[in-house]
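Novice: Taking the hints into account, I'd like the entire structure generated from these sequences.
2 protein chains.
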Amino acid sequence: MSSLVEQLIEALKVLPGVGNKSAQRMAYHLLERGRDGGKQLSEVMRDALERVGHCAQCRDFTEGELCAICASASRDRHSLCVVESPADRLAIEQATGFRGVYFVLQGRLSPLDGIGPRELGLDKLSERLAEGEVREMIIATNPTVEGEATAHYLAQLARQHAVKPSRLAHGVPLGGELEYVDRGTLSHAFGSRTEIL
Amino acid sequence: MSSLVEQLIEALKVLPGVGNKSAQRMAYHLLERGRDGGKQLSEVMRDALERVGHCAQCRDFTEGELCAICASASRDRHSLCVVESPADRLAIEQATGFRGVYFVLQGRLSPLDGIGPRELGLDKLSERLAEGEVREMIIATNPTVEGEATAHYLAQLARQHAVKPSRLAHGVPLGGELEYVDRGTLSHAFGSRTEIL
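These protein sequences, in sequence, are chains A and B. Reading the first sequence from the start, the letters are residues 1 to 197 in the working numbering. Reading the second sequence from the start, the letters are residues 1001 to 1197 in the working numbering.
One or more of the hints may lead you astray.
[As the list claims (entries may be wrong)] Below, a sample of chain B positions facing chain A; criterion: calculated Cβ distance under 10 Å:
(1) Glu1032
(2) Gly1038
(3) Glu1043
(4) Val1052
(5) Phe1061
(6) Gln1106
Honestly, the hints are just simulated from the structure, not real lab data. The structure displayed is predicted, hence computed values, not measured ones. Using N, Cα and C, we set each Cβ at its ideal position, and we do this for glycine too.
Specialist: Here is the structure:
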């Protein structure tokens, strides 16, 4: 095998979820049938990795000073939704009709890994809350141990600035069967049952 | 979301097996934690797609005139193994102690898709057999309908040049359980049973 093909297979393994076999398949696919798409991918990848930085306001990825949402005049600046990652922001943006703005932590509090409030840009978030424009902070961290700890910290921060903290409802997912819902979720959903009006 | 990030997600979908969600995950992974690896991938991909062509002798991918195996002085030119794809060649190279040379069809006979002997370079293969150096042609096409048809065609070609054609043994895979082996394979393995000596 030519060494350039070997290099390509090796380099493809930086992609998450791509091992030796997938990398081989990708490399051969690009060489056989995807040269144009592959060249374009190579260019876009180079440009994106060089030019994409963080939005000055919400820390989401953007190649400009502000991301499209923070720069938009039509978003409601009284509602601020805090998420862990850009993928979470995208999921909320696609699934809900939320018209407010976001703050992307790019991580979660994890003292053992050296990730504290500063690494998540919470000083910047604190300044923003102090400006007084935000009225409600919707905390949409993941329902994991670290996500919950982060949510707790964020709620305290909100209260310090007289901002109302809220979080996503937890419970039984729609379309699931109770039998297959995990115990913790079921117990929580049972305890937080709501009255049928 | 910034448009460059959107472009990157879109471009990643040229990779086989990568849909919208995987592309998102890959893009965010590269931006968050894999910028160096991603830049290198982008460069290697550009170089490979520009410079990798086919080996003049075996049609495998290579950036030179000949691939490493065809250029090697230590391979036995009396044995020629014919495979459908570079991935198949790699699999045989890694699994067996084969010290002969290869011919890579880069496909299989498929008249409905317009893939005939010419598209598979069989004219070149025929010339090579006519030179008289090859004594055995090991046909290692895939055990599919098209692969078998290709094997049949190749065997005839070999006989025309007085070269001995052979093919991989078919049967029950090692380490499997008979219960889970498909009927066709089991029937073939039963019919082709070998005497225990």
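Novice: Now look at each hint and say whether the structure bears it out.
Specialist: Hints, verified against the model:
1. A hinted interface residue such as Glu1032 (chain B) counts as satisfied when its beta carbon comes closer than 10 Å to some beta carbon of chain A; here the least separation is about 7 Å, so the hint holds.
2. For Gly1038 (chain B), the interface hint holds, since its Cβ comes within 10 Å of a Cβ in chain A; the closest pair sits about 5 Å apart.
3. A distance limit of 10 Å between C-beta atoms decides the matter here; for Glu1043 (chain B) the minimum to chain A is near 7 Å, and the interface restraint holds.
4. Checking Val1052 (chain B) against chain A: minimum C-beta separation of about 5 Å stays under 10 Å; hint holds.
5. Because the closest C-beta pair between Phe1061 (chain B) and chain A is about 5 Å apart, less than 10 Å, the hint holds.
6. Look at Gln1106 (chain B): its Cβ gets to within about 7 Å of chain A, closer than 10 Å, so that hint holds up.
In this structure, none of the earlier numbered hints is contradicted; all agree with it.
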